[in-house]
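Chemist: Here is how the chains run, residue by residue.
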Amino acid sequence: MSDHAENAGNETHGGHETHHGDYVRVWKVLLVLLVVSVVGPIVASAIEHRPTALAVTLSTAFGIAVVKAYMVVKNFMHIQFTQRFVPYLVVTMLVFMFLLFAGAAPDVMKSEGRNWVKPGWIAENADYRAHHPDGSAGGAH
Amino acid sequence: MSSARPIATTRSASGMPTGRLAVWWVIASEIVIFGGILTSYVMYRLAHDSFAEQAAHTNTWIGAFNTFVLLTSSLMAVQAHKAADSGDGAKAARFLHYTCLGGILFILVKSFEWASEIGRGYTISSSPFWSFYYTAAGLHALHVIAGVVIMFIVAAAAKQYRDLHRVELIGVYWHFVDVVWIFLFPLLYIAK
Amino acid sequence: MIERFLPVASTYAGDIDFVFDLIFWTVGFWFLLAQGVFFWLLVRFRKRDGVRAQYVTGELKSEKRFITIPHALVLVCDVFIVFFAIRVWYDVKQHLPEAQQTVRVVAQQWAWSFVQPGPDGRLDTADDIKTVDELHVQVGTTYHFQLVSRDVVHSFSVPVFRLKQDVIPGRVITGWFEPTRTGTFDIQCAEICGIGHGYMPGRIVIETAEQHAAWMASHSNREIAAASGPAAGGR
Amino acid sequence: MATRPVEIREGHDTPGHHEEPSFFVKYLWSTDHKVIAMQYLFTGMFMALVGGFFSYVFRMQLAWPGESVPLWGLVTPAAYNMLITNHGAIMIFWVAMPVLIAAFGNYLIPLMLGCDDMVFPKLNRLSYQIFLLSVVVLFSSFFVTGGGFGGAWTMYPPLSGEAAYNNTPAGQTIFIVAVALEFVAFLLGGINFVTTAMNSRAPGMKLYDIPMVVWMIVIASIMFMASVGPLVAGAVMLIFDQTLNTAFFDPTRGGDPILWQHLFWFFGHPEVYVVLLPAVGIVAEVITVFARKKLFAYKTVLYTAIATGVLSFTVWAHHQFIAGIDPRMANIFTVTTLLISIPIAEMMFVYIATLYGGSITFSTPMLWALSFIATFLVGGVTGIFLGASGSDIYLHDTYFVLAHFHYTFYPIAIIGTFAGFTFWFPKMFGRHLNETLGKIHFWLTIIAFNGIFLPLFVTGVLGDNRRIPNHQVYPELDNPLMNGLREVATVFLVVMLLAQFVFFYNVVVSLVRGKKAEKNPWKSNTLEWTADSPPPHGNWKELPTVYRGPYEYGVPGRSEDYWPQNVPN
Chain A
110 MSDHAENAGN ETHGGHETHH GDYVRVWKVL LVLLVVSVVG PIVASAIEHR PTALAVTLST
170 AFGIAVVKAY MVVKNFMHIQ FTQRFVPYLV VTMLVFMFLL FAGAAPDVMK SEGRNWVKPG
230 WIAENADYRA HHPDGSAGGA H
Chain B
30 MSSARPIATT RSASGMPTGR LAVWWVIASE IVIFGGILTS YVMYRLAHDS FAEQAAHTNT
90 WIGAFNTFVL LTSSLMAVQA HKAADSGDGA KAARFLHYTC LGGILFILVK SFEWASEIGR
150 GYTISSSPFW SFYYTAAGLH ALHVIAGVVI MFIVAAAAKQ YRDLHRVELI GVYWHFVDVV
210 WIFLFPLLYI AK
Chain C
8 MIERFLPVAS TYAGDIDFVF DLIFWTVGFW FLLAQGVFFW LLVRFRKRDG VRAQYVTGEL
68 KSEKRFITIP HALVLVCDVF IVFFAIRVWY DVKQHLPEAQ QTVRVVAQQW AWSFVQPGPD
128 GRLDTADDIK TVDELHVQVG TTYHFQLVSR DVVHSFSVPV FRLKQDVIPG RVITGWFEPT
188 RTGTFDIQCA EICGIGHGYM PGRIVIETAE QHAAWMASHS NREIAAASGP AAGGR
Chain D
181 MATRPVEIRE GHDTPGHHEE PSFFVKYLWS TDHKVIAMQY LFTGMFMALV GGFFSYVFRM
241 QLAWPGESVP LWGLVTPAAY NMLITNHGAI MIFWVAMPVL IAAFGNYLIP LMLGCDDMVF
301 PKLNRLSYQI FLLSVVVLFS SFFVTGGGFG GAWTMYPPLS GEAAYNNTPA GQTIFIVAVA
361 LEFVAFLLGG INFVTTAMNS RAPGMKLYDI PMVVWMIVIA SIMFMASVGP LVAGAVMLIF
421 DQTLNTAFFD PTRGGDPILW QHLFWFFGHP EVYVVLLPAV GIVAEVITVF ARKKLFAYKT
481 VLYTAIATGV LSFTVWAHHQ FIAGIDPRMA NIFTVTTLLI SIPIAEMMFV YIATLYGGSI
541 TFSTPMLWAL SFIATFLVGG VTGIFLGASG SDIYLHDTYF VLAHFHYTFY PIAIIGTFAG
601 FTFWFPKMFG RHLNETLGKI HFWLTIIAFN GIFLPLFVTG VLGDNRRIPN HQVYPELDNP
661 LMNGLREVAT VFLVVMLLAQ FVFFYNVVVS LVRGKKAEKN PWKSNTLEWT ADSPPPHGNW
721 KELPTVYRGP YEYGVPGRSE DYWPQNVPN
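Read top to bottom, the protein sequences are chains A, B, C and D.
If you read the first sequence in our numbering, its first letter stands for residue 110, the second for the next number, and so on.
If you read the second sequence in our numbering, its first letter stands for residue 30, the second for the next number, and so on.
If you read the third sequence in our numbering, its first letter stands for residue 8, the second for the next number, and so on.
If you read the fourth sequence in our numbering, its first letter stands for residue 181, the second for the next number, and so on.
Chain A with its partners taken away, still in its complex shape (with noise of 0.2 Å):
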């Protein structure tokens, strides 16, 4: 909010021209990564190989979404002929999400931590037996 000082009292409407771009062009793209991002993880499903499956899948749904909704935001959207505090503020929120997730994510997302555990979690969650084979549930390390 600090670059429209000098426009104050400006009553002027266009604001930035708008520049239309080709959008069947855009939207053909959006297609073919749709595509992708259904097609990877089947693909993936048939890879043996486990870390490889999980990269190949968190890629190709999650990466391509990114990518997706980045040009819907660009070609459609218009964000950069706005003023420069809107793609800000967009980003600020999305940061501000991030905090709430690394705030929450402790002890959310967590099964145990420093001095508790999720007894409950725990049972049903097949990896973390697997890594804990003793299937202690009450102690806290």
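If you're looking for bench data, these hints aren't it; they were derived computationally from the structure.
Be a bit skeptical, because a hint or two may be false.
As the list claims (entries may be wrong) - Taking lysine-lysine pairs in the DSSO-like style, the calculated list, with each CA pair at most 27 Å apart, reads:
| hint | chain 1 | residue 1 | chain 2 | residue 2 |
| --- | --- | --- | --- | --- |
| 1 | C | K54 | C | K71 |
| 2 | B | K111 | A | K137 |
| 3 | B | K188 | D | K302 |
| 4 | C | K71 | D | K386 |
These numbers were taken from a predicted model, which means no experiment stands behind them.
For chain A, the structure is supplied; the task is to place chains B, C and D on it using the hints.
Modeler: Same frame as chain A, but now just chains B, C and D:
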């Protein structure tokens, strides 16, 4: 009660038209609403194995089809914006109606999908995954419905060449709804 | 200064009182200074005939000094307070000394029950000693407590220990205390838990080794109902 | 709704549209920002009376447990929980927010920025109507089977998530719906405030020419928008937990109650600053006028407010230190919490420095503003005890916490409101308040306020726990000293509540017989004082142009000691 618009609305000290400015603020406040529920979902998803097992019962093809529908409707919305900018209200209204059609199709597919999920016994109270599945998608669907209703109103005005700048505003909102779905789709359907 | 009104009955109660006192004097000094300056200004610059207010922008470095210097001093005090606060926090909540005894604290609407190991020294065996609203512990012994809730969020508060820890359903939270004096004191619920929240008083009885042994003996030969399992709050 | 039209209109600097509307249209269906401000103000004051009455009932119970309370009767534990829950929720959501943000925001933003209305007048009206609906919904929860919700305003599940635990099957859901509606109202209002402030400033008004109170309300609105989202999502999840048998927060079926606490406090802590900032903004306006002083270091105040706003998003878990979060996280939040004391302390220093070299008149609004600084300092310094994790172990959820946050919220919501109300009363209603009655009201209120909460600091340090209807249940809390202090607090509360009748008497009498107010009775600089008192619909015949900042008092070389923003030279 004044029927005329206040002068305040016509001022533009920030360099941005008031409506466009406001729509971005609406989007900012929506980001944190969806952010709250998706952050919660991601935390639970990463903590529970059962989420992946449950997510395997979702229908990826329906989700993908709905993504296709929303992407296409977004294309229509931006074409409407282009038409409105060139002053062609009738064309803008036509494209807006195509967008509405996309929204309605999305909701119809969604209802069909939900009905079949519920028919197979996966209700909102079946497990935390399904709770999130219905809550997050339901919140999104509510936005789709609201968007369609507003779009019909905007299209009716645009047809008579009134308030053409609104075409862009509803379009920006619609693209945001699209972006939310772009993230919901892999989160709910693909991550198995 | 808390110790003048409330007995000190755990090893770390004195440390928590110390943090309180430290903050009290540091912050109290600042508070009185600020209020003193504030009221002095009110008297000194009250409206008088023929005297006009000065024009001070506060943008000059020489003027800003009056803000930035106290500001830096506040920061120093903050660092000081953070250091001691975290040291005590680490000691009480984060660090867990080796336990000599373990007791399970089960909270429910609206009662406390306590499960202690019987003569075999282990929980979840047939000889566990279960008591309701009364916890017997031995002075000078390091206890671990496992907090379990059967229904809603409660809070296990023992004022004489300066100890408070919420009891969260679905979690087993472990903490510790070491009583340093004998006597009978309050256990309170410090988190609203429904209509009976105000009516779930527990008592902690801190006993000498002999008294505690006698109490153990009087309870261990009694037939005890099956103790609650570790997942009592989770399932 | 965000799609209000923007169109270029030629030669539009004379608001035209003045047909005489009917009473209904003029006062109940109006889109005029001043009328909506009044609606918010009076609804907020009414709610303050309700919240105040609730506090009277439960303080009587605390001082003399088990005895019948006049005007209420016996206080059952269920009623006690309902009273404290709704007292908290009403005072925050239905008093502090509507009065400080919505009422003053609606009234001052267009007037101080020199425009004729908000940018979205109909959205503004809708915002108030939704707010009013939320009031009605909240009240309806008191009369359903099981009574009003009694799980504390923080609504921690599982207590709030299941009727079997809280015994208010209908009240629990209605309560959350009311809160959610209130959020919607303020989201709409906030978008309006922010957009108006960004776009509709008078010609010539640069960012640093905006009066501080407008900045504060705008920053508060942005903070509200940025923080409330997760709680809106959380409220939906909690309502589904209650009604659709989902398990978002139910630990027995894979949920986690701590998640709610994070979602709630992620909003809850910024919310403190959301209501604080408008109040300090009001105080800035009042002290500069009555000390005839330029605000000391305008930019510093602004930057500290923004710093506070940003930092307040990083401190929320200090409400949860002992609530089962990982103890390692508490260390991080201790550091951030003590960090936030720095911008707030700086802001208070700036206000004190503003008084230096002034020519201070002790009028009623000035007394309120000064008492804000004095009492808020108490609230500020006692917060250090609670932000420091080591001492919070003991003090958490005691009356020390309660006294601490009443020493912040009372100055904010009550003292700040009275400062603003008495200051702008001549502008709002065109008449002066009676100064003598105003001072009687001030001294009674401020002394009684300190009389209520200073004893509660002591009982808190001695171990008094919150939300317990009868402390005699606990032997350690049942002694003559603590019982005596509780009685003192209650007596002062009754005095304070009775003192408010002086205020209402003063308002009514002054509205009818008060001295007529001229345009600018306080010789103030800001734009609202250049409009008529009270301003007509459209505010000005010709909208003002701005030439300088809002705090040019006592400029050397001028014959007058003030220099209004709209005067060319």
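Chemist: The structure should be examined with respect to each hint, and the outcome stated for every one.
Modeler: Now for the hints, and whether the structure bears them out:
With a CA separation close to 25 Å, the supplied pair K54(C) and K71(C) stays within the 27 Å bound. A threshold of 27 Å between alpha carbons decides the hint, and for K111(B) with K137(A) the separation of about 18 Å falls inside it, so the pair holds. Our distance criterion of 27 Å between C-alpha atoms is met by K188(B) and K302(D), whose separation comes to about 24 Å. For the given pair, K71(C) sits about 23 Å from K386(D) by alpha-carbon distance, which is consistent with the 27 Å threshold.
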